[in-house]
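2 protein chains.
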Amino acid sequence: MQTPFREVFFLSNGTAITAETLGLSLLAQFPDHHFQTRTIPFVDTLNKAHAVRDEINGCSEDGRQLPIVICTMGDADLMKIIHQSKALVIDPFGDILPRLEKALATQHHQPGQSHRIVNPSLYESRIDAIDFAMTHDDGGKTQNYDEADIILLGVSRSGKTPSCLYLALQFGIKAANYPITEEDMEYEQLPEPVRPFRDRLYGLTTDLQRLANVRQERRPDSRYASLQQCRFELKAVEEMYQRHKIKYINTAEMSVEEISARIIRDNGLHRIELP
Amino acid sequence: MQTPFREVFFLSNGTAITAETLGLSLLAQFPDHHFQTRTIPFVDTLNKAHAVRDEINGCSEDGRQLPIVICTMGDADLMKIIHQSKALVIDPFGDILPRLEKALATQHHQPGQSHRIVNPSLYESRIDAIDFAMTHDDGGKTQNYDEADIILLGVSRSGKTPSCLYLALQFGIKAANYPITEEDMEYEQLPEPVRPFRDRLYGLTTDLQRLANVRQERRPDSRYASLQQCRFELKAVEEMYQRHKIKYINTAEMSVEEISARIIRDNGLHRIELP
Chain G
1 MQTPFREVFF LSNGTAITAE TLGLSLLAQF PDHHFQTRTI PFVDTLNKAH
51 AVRDEINGCS EDGRQLPIVI CTMGDADLMK IIHQSKALVI DPFGDILPRL
101 EKALATQHHQ PGQSHRIVNP SLYESRIDAI DFAMTHDDGG KTQNYDEADI
151 ILLGVSRSGK TPSCLYLALQ FGIKAANYPI TEEDMEYEQL PEPVRPFRDR
201 LYGLTTDLQR LANVRQERRP DSRYASLQQC RFELKAVEEM YQRHKIKYIN
251 TAEMSVEEIS ARIIRDNGLH RIELP
Chain Z
1 MQTPFREVFF LSNGTAITAE TLGLSLLAQF PDHHFQTRTI PFVDTLNKAH
51 AVRDEINGCS EDGRQLPIVI CTMGDADLMK IIHQSKALVI DPFGDILPRL
101 EKALATQHHQ PGQSHRIVNP SLYESRIDAI DFAMTHDDGG KTQNYDEADI
151 ILLGVSRSGK TPSCLYLALQ FGIKAANYPI TEEDMEYEQL PEPVRPFRDR
201 LYGLTTDLQR LANVRQERRP DSRYASLQQC RFELKAVEEM YQRHKIKYIN
251 TAEMSVEEIS ARIIRDNGLH RIELP
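Heads up: the protein sequence lines correspond to chains G and Z, in order.
Using my numbering, the letters of the first sequence correspond one by one to residues 1 to 275.
Using my numbering, the letters of the second sequence correspond one by one to residues 1 to 275.
I should point out that these hints are in silico values taken from the structure, not numbers from a laboratory.
Careful, some of the hints might be misleading.
[Stated by the list, open to error] Taking CB as the label site, the calculated pair distances span:
{"id": "1", "chain 1": "G", "residue 1": "K247", "chain 2": "Z", "residue 2": "A76", "range": "30 to 36 Å"}
{"id": "2", "chain 1": "Z", "residue 1": "N213", "chain 2": "G", "residue 2": "P193", "range": "29 to 35 Å"}
{"id": "3", "chain 1": "Z", "residue 1": "A105", "chain 2": "G", "residue 2": "Q242", "range": "49 to 55 Å"}
Owing to the predicted nature of the structure, the values given are computational and were not obtained by experimental measurement.
Just so you know, even glycine gets a beta-carbon here, dropped at the ideal spot from N, CA and C.
All chains should be built: construct the whole structure from the sequences, respecting the hints.
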């Protein structure tokens, strides 16, 4: 018998990204349960809050299980309305902000500031990092590697591009990536464009079967997707990393978030502080 | 006199993205205070937890103000060590998980599952969306617009590329973007490649001074960056949006997160549920 799913709402008067991120992390602690989640951002007027409350209440009719609401509201009046819902209402801001106010000896916090542009120059750094990642993707341009915070190496489809984009978007880190080709594998030395930058190289590798599966989806039944070719390439890059003492990780079981967080930690990279 | 800054730690046994996201949202409620934040991910052994605790304790010596620690740990033993720190320790999981366990009638939650690959097919959707955004950036390829969930329009430097990448990475949404050029502005009709897809077009615009500033950084003292040219282009695209009844937003004061959340809401887009 399948467990009935539980309805979960992520709410905020802003983007709801914080409610969603926290909420998904909490739900991930209960892998045996089924959840149906819904994110409702910009609940920023009394009318909208009333409408959302009524919608939540509709979910607990007909004997269904009580929904779960995870709500990060900067605004106490709006939060009061959500608290009237027939639901388990989780209100992290309500729990935490009074403790922070006390610690900071401040009476009033100012609502709704998160995920807006607080500091334009930080915003520019982030946009610059995105530009950099786009221009320096897949070895596209190799002239400005001296500006890179990190240069990822790896065979095709080992996770380089998503990692570079995430590093740029989330942390404002300038990440380039250089694909190791069969030609590069023939030489003892590092590929010429990355050779002067050994201190900022970082290798990605993955599992054989996973690489073959991902490539198979892209180019079915090709030499590129064959187990033999994938095995050869993975062995060659891992030997290259070891020969040149380049740190590397196996990305097979990792999300883009986890790959990025490990790259930052292993290389002592500086994250810009986003608003 | 400048307010002394307060030291803040974001900790987790995983990527610490949840701790950081929640923490930055909380700190954003106190815009008059200065914070120096540090994120420490992968605090996943007793030894590492002891080392971090000692580091935090080092911050409260010399009469400095008590640091703030925001820690999302799935593991109770590790959390116990962090709670020994001389700091204001915020432990959202410790506050919330018992309530969820009760609501779900579950005794045990399973630690450390967030931000790993829980569902490989969802992971693939996300990677596909990133591939799509890269291929269909800046009008680069216009053949597969029928596969797009959304197509962003806008003049150069109005925020199209970062928004498309964020939609792909964070939500698995396939977003293309098409730059409106001066040539496109000469015609009453929509540009030919996007014309068949009016139901999935969404316009971006921005403020005159902001556009001019951003362009000035890219191509100083060019016609492209001139107030006159920027004014002409913004007026032309806004008229185009209105003429064809295309929804649009002004991105001048918005972060990439906020632009993306509004695009999702305004177009009723479906976000994939990320682990």
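Quick rundown of the hints versus the structure:
no. : hint                          : verdict
1   : G:K247 <-> Z:A76: 30 to 36 Å  : 32 Å, holds
2   : Z:N213 <-> G:P193: 29 to 35 Å : 33 Å, holds
3   : Z:A105 <-> G:Q242: 49 to 55 Å : 50 Å, holds
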